[in-house]
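Visitor: What follows is the residue order along each chain.
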Amino acid sequence: MLALDTSTPACSVALVQLPDTAPPPGATRPLASRRIVDARRHGELLSPLMRDALAEAAVTPADLAGVVVGLGPGPFTSLRVGIVTAATFAAALGLTCHGVCSLDGIGAVTSGRTGVVTDARRREVFWAAYADGERIAGPAVDRPDRAADLLRADGVGGVVGPGLALYPDAFANAAAAHAGTGTGTGAAAAQYPDPAVLAALAAPDLLAGRAPAPLTPIYLRRPDVAEPRPAKAVTG
Amino acid sequence: MTRPTPTGTVSGTSSGTSPSRGPAPLVLGIETSCDETGVGLVRDGVLLADALASSVDEHARYGGVVPEIAARAHLEAMVPTIDRALATAGAKASDIDAVAVTAGPGLAGALLVGVAAAKAYALALGVPLYGIHHLAAHVAVDTLEHGPLPSPSIALLVSGGHSSLLLVEDLAAAPVVSLGATVDDAAGEAYDKVARLLGMPFPGGPPIDRAARDGAPTIPFPRGKAGDGTFDFSFSGLKTAVARWVEARRRAGEPVPVADVAASFQEAVVDVLTAKAVAAARKHGVDTLVIGGGVAANSRLRALAAERCESAGITLRVPRPGLCTDNGAMVAALGALKVASGVAPSPLDLPASSTLPL
Numbered sequence: 001m002l003a004l005d006t007s008t009p010a011c012s013v014a015l016v017q018l019p020d021t022a023p024p025p026g027a028t029r030p031l032a033s034r035r036i037v038d039a040r041r042h043g044e045l046l047s048p049l050m051r052d053a054l055a056e057a058a059v060t061p062a063d064l065a066g067v068v069v070g071l072g073p074g075p076f077t078s079l080r081v082g083i084v085t086a087a088t089f090a091a092a093l094g095l096t097c098h099g100v101c102s103l104d105g106i107g108a109v110t111s112g113r114t115g116v117v118t119d120a121r122r123r124e125v126f127w128a129a130y131a132d133g134e135r136i137a138g139p140a141v142d143r144p145d146r147a148a149d150l151l152r153a154d155g156v157g158g159v160v161g162p163g164l165a166l167y168p169d170a171f172a173n174a175a176a177a178h179a180g181t182g183t184g185t186g187a188a189a190a191q192y193p194d195p196a197v198l199a200a201l202a203a204p205d206l207l208a209g210r211a212p213a214p215l216t217p218i219y220l221r222r223p224d225v226a227e228p229r230p231a232k233a234v235t236g
Numbered sequence: 237m238t239r240p241t242p243t244g245t246v247s248g249t250s251s252g253t254s255p256s257r258g259p260a261p262l263v264l265g266i267e268t269s270c271d272e273t274g275v276g277l278v279r280d281g282v283l284l285a286d287a288l289a290s291s292v293d294e295h296a297r298y299g300g301v302v303p304e305i306a307a308r309a310h311l312e313a314m315v316p317t318i319d320r321a322l323a324t325a326g327a328k329a330s331d332i333d334a335v336a337v338t339a340g341p342g343l344a345g346a347l348l349v350g351v352a353a354a355k356a357y358a359l360a361l362g363v364p365l366y367g368i369h370h371l372a373a374h375v376a377v378d379t380l381e382h383g384p385l386p387s388p389s390i391a392l393l394v395s396g397g398h399s400s401l402l403l404v405e406d407l408a409a410a411p412v413v414s415l416g417a418t419v420d421d422a423a424g425e426a427y428d429k430v431a432r433l434l435g436m437p438f439p440g441g442p443p444i445d446r447a448a449r450d451g452a453p454t455i456p457f458p459r460g461k462a463g464d465g466t467f468d469f470s471f472s473g474l475k476t477a478v479a480r481w482v483e484a485r486r487r488a489g490e491p492v493p494v495a496d497v498a499a500s501f502q503e504a505v506v507d508v509l510t511a512k513a514v515a516a517a518r519k520h521g522v523d524t525l526v527i528g529g530g531v532a533a534n535s536r537l538r539a540l541a542a543e544r545c546e547s548a549g550i551t552l553r554v555p556r557p558g559l560c561t562d563n564g565a566m567v568a569a570l571g572a573l574k575v576a577s578g579v580a581p582s583p584l585d586l587p588a589s590s591t592l593p594l
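Just so you know, the protein sequences line up as chains A and B, in that order. So in our numbering, spot 53 of the first sequence is number 53, and the numbers just go up one at a time. With positions in the second sequence counted from 1, the corresponding number in our numbering is that position plus 236.
Derived by calculation from the structure, the hints in this document are not laboratory data. Predicted model, so just to flag it, every value in this text is computed and none were measured. Think of the CB as a built atom: it goes at the ideal place given N, C-alpha and C, for glycine as much as any other residue. Fair warning: there could be bad hints in the mix.
[As the list claims (entries may be wrong)] Pairwise CB distance ranges, derived in the manner of DEER restraints: (1) A296(B) - L220(A): 23 to 29 Å; (2) R135(A) - E405(B): 55 to 61 Å; (3) A165(A) - G465(B): 55 to 61 Å; (4) D63(A) - T551(B): 50 to 56 Å; (5) D293(B) - D149(A): 39 to 45 Å; (6) L220(A) - P316(B): 22 to 28 Å.
[As the list claims (entries may be wrong)] Not close to chain B: a few residues of chain A, all C-beta gaps over 10 Å, as computed: (7) R29; (8) R143; (9) D145; (10) L166; (11) A211; (12) D224.
In isolation and in its complexed conformation, chain A is listed as follows (with noise of 0.2 Å):
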């Protein structure tokens, strides 16, 4: 399974063998993973970076099973070069491309009470709150301190995520939680979202050989536009 998250200004790709049962989240070692970090430069990055981990695990597009992406929320533009690169990827191999909410990348292998902010720019935070692992708020696009407010209500202790830096004093009062340690390096790994743990949340969809449904990228917001008022006059 080749799995890619383009919703925060990471990158990411990682190529995931597909088990025989569905795996808990945390479980799925990739064979092979890129990340850079670059938020203005995605539609760059993510085709080389899938062709590098494909020769990295000498795994040709016609060996693959699947295709898993995260449909955000994230920036729009980044989030689009994910989407539209999976879906045309899988197209072409005549393969199925499912779908998951890129929060989950990060909040799936966290345990406890446990929120997962990323930068919406525009001064906000997309967020989302998960029960040992599972969502049960969001996502959703809102002001930091109103955020930290929605997750404090929702009973969470700690928060993960990119936004947590942006913005330490809204979540001041939730400390770090303590991050999944499934694929490798802790807390740092869950800083962004994790395309094996996306791979791993499909898993039972693709096992099952279930259709995944539309992929709808999770903006959370409209286009930022007005309809135009009648024409200036030119003369005075």
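Chain A is already provided as a structure; the job is to place chain B on it using the hints.
Guide: Okay, now just chain B, sitting in the frame of chain A:
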């Protein structure tokens, strides 16, 4: 057919794309520079499919193309449009020998969707990727209808985003030379703005063209830059002159002769466009003029260009209207020319560039 491994995808030319062996390569072209998701399939100069999804209706209420709406629509339309093109051509994805994509110029977010899709397709199939210049593709599409282009030729490209005069020698291998371009609004943009002033819908070209047929070009609107000796255009002053004229009528409580305003505005636009195109051909000793872009669908532009080219002894080539507007066929057409002439493919980290130079 043996396909290269993914690591070798774009560094070398696939054996299947050699023009000297086997059937001519099948080239997929993807265009997403504005509001049209276009996918074309071309083999050996023959157009096999030209699938299109347009988000123009979603933009109409805003009076112009909204980049974020266009980009969202491209994402939704991409895979279905590719599938539709393949079905039309009776081809499978694995039959494709090369993928071409508009890399610019255009709306950044919109371009990026097509470029990402093209890379994914090329990587999945192990075939080369070709980044294509949007304006050069508008010229290349004419070869699908009228055969190889004489070298050199002059191209006049007029749309909602571009108004350019180009000197074209070898489309596949040599850079296209820009002789001039608009210094402010594109011609199609002026159409949109005048249409809005006259209470007509977006895009403004078709309703103005229709209204003008019932009017006469009796109002002497200015011909911007007509006698300045360059091959540049200017349509912003014309748009303002039309607005001033219409507002003066409205202020005086007089009816606005919409058909005459449309005909007079249209005449001012196509007069300058065709005069400069013919002058460019004469100056460079070129006997072929190609017109492309959405405004090339305009009936008065086609008629006046035909008239002036005939009296100047210039062969005029204009693709049918469906190939003048943005489409995937034009990208596939130029991609196929590049494959055939052995041009090196683009790397997988090809950027989308909103201001890509020629």
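Visitor: Checking a non-interface call: every C-beta of chain B should be farther than 10 Å from the C-beta of R143(A). Is that right?
Guide: holds (22 Å)
Visitor: Would the least Cβ to Cβ distance between L166(A) and chain B come out above 10 Å?
Guide: holds (23 Å)
Visitor: Can we trust that D224(A) is non-interface, i.e. its beta-carbon lies farther than 10 Å from all of chain B?
Guide: violated (7 Å)
Visitor: Range hint 22 to 28 Å: satisfied by the CB atoms of L220(A) and P316(B)?
Guide: holds (24 Å)
Visitor: Range first: 50 to 56 Å. Now tell me if the beta carbons of D63(A) and T551(B) are that far apart.
Guide: Between D63(A) and T551(B), where Cβ atoms are some 53 Å apart, the hint holds.
Visitor: Return holds or violated for the Cβ distance of A296(B) and L220(A) against the range 23 to 29 Å.
Guide: holds (26 Å)
Visitor: Confirm or reject: R29(A) is not an interface residue toward chain B, with every Cβ-Cβ distance exceeding 10 Å.
Guide: With a cut-off of 10 Å, R29(A) remains clear of chain B, as the shortest Cβ separation is near 22 Å.
Visitor: Just checking, D145(A) versus chain B, shortest CB gap more than 10 Å?
Guide: holds (27 Å)
Visitor: Over 10 Å from every CB of chain B: does A211(A) meet that, or does the non-interface label fail?
Guide: holds (15 Å)
Visitor: If you check the beta carbons of A165(A) and G465(B), does the distance land in 55 to 61 Å?
Guide: holds (59 Å)
Visitor: Hint says 55 to 61 Å; check whether the CB-CB distance for R135(A) and E405(B) agrees.
Guide: holds (59 Å)
Visitor: Is it true that the C-beta distance of D293(B) to D149(A) lies inside 39 to 45 Å, as the hint says?
Guide: Check passed, 41 Å falls within 39 to 45 Å.
Against the hints set out earlier in the document, a violation occurs for number 12 only.
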